[in-house]
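J.: Produce the complete structure using the sequences and hints provided.
Note that UniProt numbering gives residue 113 to position 113 of the sequence shown, counting from 1, and the numbers run on in steps of one.
Hints listed in this document are in silico derivations from the structure and should not be mistaken for laboratory results.
Please read all numbers here as calculations on a predicted model, not as lab measurements.
Where is the CB? At the ideal position from N, CA and C, for every residue including glycine.
All clues given are correct.
In silico DSBU-like cross-links for lysine-lysine, where the CA-CA straight-line distance does not exceed 35 Å:
hint : residue 1 : residue 2
1    : Lys32     : Lys291
2    : Lys291    : Lys81
3    : Lys246    : Lys291
4    : Lys246    : Lys384
5    : Lys246    : Lys371
6    : Lys291    : Lys371
7    : Lys246    : Lys303
8    : Lys371    : Lys220
9    : Lys384    : Lys355
10   : Lys81     : Lys32
11   : Lys355    : Lys32
12   : Lys220    : Lys246
13   : Lys371    : Lys384
So the derived label-pair ranges between C-beta atoms look like this:
hint : residue 1 : residue 2 : range
14   : Gly208    : Thr369    : 21 to 31 Å
15   : Gly343    : Gly287    : 14 to 24 Å
16   : Lys371    : Glu30     : 42 to 52 Å
17   : Ala138    : Gly373    : 33 to 43 Å
18   : Ser213    : Met97     : 46 to 56 Å
19   : Ala332    : Glu30     : 18 to 28 Å
20   : Gly343    : Ala225    : 42 to 52 Å
21   : Ala214    : Gly327    : 53 to 63 Å
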Amino acid sequence: MTRQGSSAMQKLTAGVAVAALLSASPVFAEGKPIRLGYAAAITGGLSPYDSVPGAECAIERINAAGGVLGRPLELVARDMKSDAVTSSVVAQELVDMGVTAILAPPTDDTAIPVAALAAAQQIPVISVGSTQVQLPMASPTNTYLTAYGDNLAAGAVAQIAIERGMTHAATMVSRDYGAYGIVIPQYFTDAFTHLGGKIVGSVNYNMGLSDYSAQVAEVKAMDPAPQLIVGGFLMPEAGVIPRQFKAGNVDVAFMGTDGFDDPGLIEIAGQGGASVTFVTHGFPSEGSDLKAFYDDCTTRGHKIENVFFALGGEAVMLVADAITRAGSDDPAAVNAALAETEGFHGITSSSITYKGQHGVPIKEMSIVTIKDGAFASEGTILPKYIPAP
Numbered sequence: 001m002t003r004q005g006s007s008a009m010q011k012l013t014a015g016v017a018v019a020a021l022l023s024a025s026p027v028f029a030e031g032k033p034i035r036l037g038y039a040a041a042i043t044g045g046l047s048p049y050d051s052v053p054g055a056e057c058a059i060e061r062i063n064a065a066g067g068v069l070g071r072p073l074e075l076v077a078r079d080m081k082s083d084a085v086t087s088s089v090v091a092q093e094l095v096d097m098g099v100t101a102i103l104a105p106p107t108d109d110t111a112i113p114v115a116a117l118a119a120a121q122q123i124p125v126i127s128v129g130s131t132q133v134q135l136p137m138a139s140p141t142n143t144y145l146t147a148y149g150d151n152l153a154a155g156a157v158a159q160i161a162i163e164r165g166m167t168h169a170a171t172m173v174s175r176d177y178g179a180y181g182i183v184i185p186q187y188f189t190d191a192f193t194h195l196g197g198k199i200v201g202s203v204n205y206n207m208g209l210s211d212y213s214a215q216v217a218e219v220k221a222m223d224p225a226p227q228l229i230v231g232g233f234l235m236p237e238a239g240v241i242p243r244q245f246k247a248g249n250v251d252v253a254f255m256g257t258d259g260f261d262d263p264g265l266i267e268i269a270g271q272g273g274a275s276v277t278f279v280t281h282g283f284p285s286e287g288s289d290l291k292a293f294y295d296d297c298t299t300r301g302h303k304i305e306n307v308f309f310a311l312g313g314e315a316v317m318l319v320a321d322a323i324t325r326a327g328s329d330d331p332a333a334v335n336a337a338l339a340e341t342e343g344f345h346g347i348t349s350s351s352i353t354y355k356g357q358h359g360v361p362i363k364e365m366s367i368v369t370i371k372d373g374a375f376a377s378e379g380t381i382l383p384k385y386i387p388a389p
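T.: Written out as structure tokens, the structure reads:
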């Protein structure tokens, strides 16, 4: 995208300013803190997909370099316990505290109440881990995803499959955890058929089972046989299902998105892990911004659990950049600036754009496989075809 006139200079200056915050010698911000709220899944089933430590590390880095507008950032984190009702209670508390922005939990059903309560005060809400485009659609004036949208990711998976010569696919659908387990197969079907592929069948499954032999049998009976299976898998099923298909002598690839991105996948999937490819938010290759962030945060005493640690930090950086461009910590001004974000250099992606995207960022994704018992990078992708949300 092109940038013109004084608007271009403001964006460039803001980008350089935020980059400088993370690289300059320690200055240590003083003055009244700018408060950022975080309605976080610190406990409960969603906790792997949120990261207060990642947000805290980014704030430490920014404050050590002088803060934002010469003032320190302060994170006020509250545990919404992976529960939608508790999320509403926590959100109201943060709104009442007068925070400038709120980082929100990782699913649409838990983040939408946060966005709705914040909208009346024009407080921007940015979900750290959600990939569900339904979230910003539900509260379009003040809500953003840090992560890519499910439609972008599914489009990437479809493109990878076609480029690998796969023309026949099956989907697996779960309705046990919000929209994610449903929309990934839907978006993939849209993109895969658009690119010339054929869906030969779809299988339903539930989370928490120890035996998926019924699903293995369903796929075995498909004619023609699928070359790959795509679903909105989460752990531990993301590991259990490929392992059981391998044990059932079904020669099929598994593809998906960030639900696979968990260190436990390799052990749980066992020999089935070799069949897995997924797109995710970033990969800590040598020399990457992500690895530099991980290394610095580790030095600061933080433990890196998964890539959502980086998304927590990236959400803070996006808000800090918006505050800088707004020249104010007023929520409405920051919200307006956040909506105009274009080409921001983050942690997981070197270019993040909200402008014209209704809160769902355009950003590259990393392609990851399992080789020799470890995650391996297969490069990055920005799909040519993106299914409509």
